[in-house]
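Per numbering that gives the first Met the number 0, numbering of the sequence shown is gapless, rising by one per residue and ending at 116.
None of these hints come from the bench; they were simulated from the model.
The model shown is predicted, which means the values in this text are computed figures rather than measured ones.
Heads up, a few of these hints could be off.
Here are the computed lysine to aspartate or glutamate pairs in the EDC-like style, where the Cα-Cα straight-line distance is at most 20 Å [unchecked claim]:
1) K112 - E4
2) K19 - E45
3) K75 - D103
4) K75 - E88
5) K1 - E88
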Amino acid sequence: MKKTELGQKGEKIAKVFLKKLDYVIITQNYRCSQGEIDIIATDKNELVFVEVKTRCSKKYGEAREAVNQYKKKHIKRAAMAYITKHKLENQWIRFDVIEIYMRDDKYSIYHIKNTLW
0 MKKTELGQKG
10 EKIAKVFLKK
20 LDYVIITQNY
30 RCSQGEIDII
40 ATDKNELVFV
50 EVKTRCSKKY
60 GEAREAVNQY
70 KKKHIKRAAM
80 AYITKHKLEN
90 QWIRFDVIEI
100 YMRDDKYSIY
110 HIKNTLW
(Lines of atoms letter the chains of each structure in order from A and count residues from 1; the text may use other names and numbers.)
(Lines give C-alpha, C1' and ligand atoms only; values in the text may rest on other atoms or scores of the structure.)
Protein backbone atom coordinates (compact mmCIF):
# COMPACT_ATOMS: atom_id res chain seq x y z
CA MET A 1 0.00 0.00 0.00
CA LYS A 2 1.31 3.45 -0.89
CA LYS A 3 2.05 5.96 1.87
CA THR A 4 -0.78 8.31 0.80
CA GLU A 5 -3.29 5.44 0.62
CA LEU A 6 -2.23 4.26 4.07
CA GLY A 7 -2.63 7.78 5.45
CA GLN A 8 -6.08 8.23 3.90
CA LYS A 9 -7.24 4.87 5.21
CA GLY A 10 -5.94 5.78 8.67
CA GLU A 11 -7.77 9.11 8.64
CA LYS A 12 -11.03 7.34 7.75
CA ILE A 13 -10.54 4.91 10.64
CA ALA A 14 -9.74 7.80 13.00
CA LYS A 15 -12.85 9.68 11.90
CA VAL A 16 -15.10 6.66 12.62
CA PHE A 17 -13.31 6.13 15.95
CA LEU A 18 -13.91 9.74 17.01
CA LYS A 19 -17.57 9.65 15.95
CA LYS A 20 -18.08 6.56 18.13
CA LEU A 21 -16.77 8.65 21.04
CA ASP A 22 -19.41 11.30 20.23
CA TYR A 23 -16.98 13.79 18.72
CA VAL A 24 -18.50 16.01 16.06
CA ILE A 25 -16.28 16.17 12.99
CA ILE A 26 -16.11 19.73 11.67
CA THR A 27 -13.65 19.25 8.83
CA GLN A 28 -10.97 16.94 7.54
CA ASN A 29 -7.66 17.83 5.85
CA TYR A 30 -7.85 21.53 6.66
CA ARG A 31 -5.14 23.32 4.72
CA CYS A 32 -3.88 26.87 4.85
CA SER A 33 -0.59 28.62 4.18
CA GLN A 34 0.56 27.88 7.74
CA GLY A 35 0.09 24.11 7.56
CA GLU A 36 -2.40 21.26 7.55
CA ILE A 37 -4.59 19.58 10.15
CA ASP A 38 -5.92 16.08 9.57
CA ILE A 39 -9.16 16.37 11.56
CA ILE A 40 -10.86 19.22 13.37
CA ALA A 41 -13.64 18.15 15.71
CA THR A 42 -15.47 19.11 18.87
CA ASP A 43 -15.46 17.02 22.02
CA LYS A 44 -18.07 18.44 24.37
CA ASN A 45 -16.93 22.04 24.90
CA GLU A 46 -13.46 21.68 23.32
CA LEU A 47 -12.27 22.30 19.79
CA VAL A 48 -9.89 19.44 19.01
CA PHE A 49 -7.15 19.48 16.37
CA VAL A 50 -6.17 15.90 15.56
CA GLU A 51 -3.02 14.66 13.85
CA VAL A 52 -3.37 11.09 12.55
CA LYS A 53 -0.29 8.92 12.06
CA THR A 54 -0.73 5.54 10.40
CA ARG A 55 1.96 2.88 10.18
CA CYS A 56 2.24 -0.78 9.23
CA SER A 57 4.73 -1.50 12.02
CA LYS A 58 6.83 0.05 14.75
CA LYS A 59 10.03 -0.82 12.88
CA TYR A 60 11.07 2.82 12.73
CA GLY A 61 9.61 3.81 16.10
CA GLU A 62 6.24 4.86 17.44
CA ALA A 63 3.97 6.70 15.02
CA ARG A 64 3.59 9.59 17.48
CA GLU A 65 7.34 10.23 17.22
CA ALA A 66 6.73 11.51 13.68
CA VAL A 67 4.96 14.49 15.25
CA ASN A 68 8.22 16.29 15.94
CA GLN A 69 8.78 19.93 16.93
CA TYR A 70 8.72 21.04 13.29
CA LYS A 71 5.37 19.31 12.68
CA LYS A 72 3.92 20.62 15.96
CA LYS A 73 4.84 24.17 15.00
CA HIS A 74 2.96 23.89 11.68
CA ILE A 75 -0.08 22.25 13.31
CA LYS A 76 -0.24 25.02 15.92
CA ARG A 77 0.06 27.74 13.27
CA ALA A 78 -2.65 26.14 11.14
CA ALA A 79 -4.87 25.81 14.24
CA MET A 80 -4.40 29.49 15.08
CA ALA A 81 -5.25 30.43 11.49
CA TYR A 82 -8.43 28.31 11.71
CA ILE A 83 -9.38 29.86 15.06
CA THR A 84 -8.85 33.39 13.74
CA LYS A 85 -10.71 32.74 10.49
CA HIS A 86 -13.73 31.32 12.31
CA LYS A 87 -13.62 33.78 15.23
CA LEU A 88 -13.17 31.07 17.85
CA GLU A 89 -10.67 32.90 20.07
CA ASN A 90 -12.67 32.19 23.24
CA GLN A 91 -13.02 28.46 22.51
CA TRP A 92 -11.27 25.83 24.63
CA ILE A 93 -8.83 23.95 22.39
CA ARG A 94 -6.88 20.74 22.53
CA PHE A 95 -4.33 18.97 20.33
CA ASP A 96 -4.53 15.17 20.02
CA VAL A 97 -2.59 12.52 18.14
CA ILE A 98 -4.16 9.30 16.92
CA GLU A 99 -1.79 6.45 16.12
CA ILE A 100 -3.00 3.63 13.92
CA TYR A 101 -1.05 0.46 13.23
CA MET A 102 -2.41 -1.59 10.35
CA ARG A 103 -1.76 -5.12 9.22
CA ASP A 104 -3.96 -6.35 6.38
CA ASP A 105 -7.53 -5.38 7.39
CA LYS A 106 -6.81 -5.38 11.12
CA TYR A 107 -5.65 -2.37 13.06
CA SER A 108 -4.95 -1.06 16.52
CA ILE A 109 -5.61 2.52 17.48
CA TYR A 110 -4.20 4.72 20.24
CA HIS A 111 -5.65 8.11 21.09
CA ILE A 112 -3.25 10.47 22.85
CA LYS A 113 -5.12 13.50 24.16
CA ASN A 114 -3.72 16.97 24.75
CA THR A 115 -0.31 16.08 23.43
CA LEU A 116 1.10 18.99 21.45
CA TRP A 117 1.50 21.70 24.07
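Outcome of the hint check:
Between K112 and E4, the direct Cα distance comes to roughly 25 Å. Violation of the 20 Å bound is thereby established for this hinted pair. Distance restraint check for K19 and E45: the Cα-Cα separation of roughly 17 Å lies within the 20 Å cut-off, and the hinted pair is therefore satisfied. Of the supplied pair hints, the one linking K75 and D103 is violated, its CA atoms being roughly 33 Å apart against a limit of 20 Å. A threshold of 20 Å between alpha carbons decides the hint, and for K75 with E88 the separation of about 14 Å falls inside it, so the pair holds.
For the given pair, K1 sits about 38 Å from E88 by alpha-carbon distance, which is inconsistent with the 20 Å threshold.
The earlier numbered hints that this structure contradicts are 1, 3, 5.
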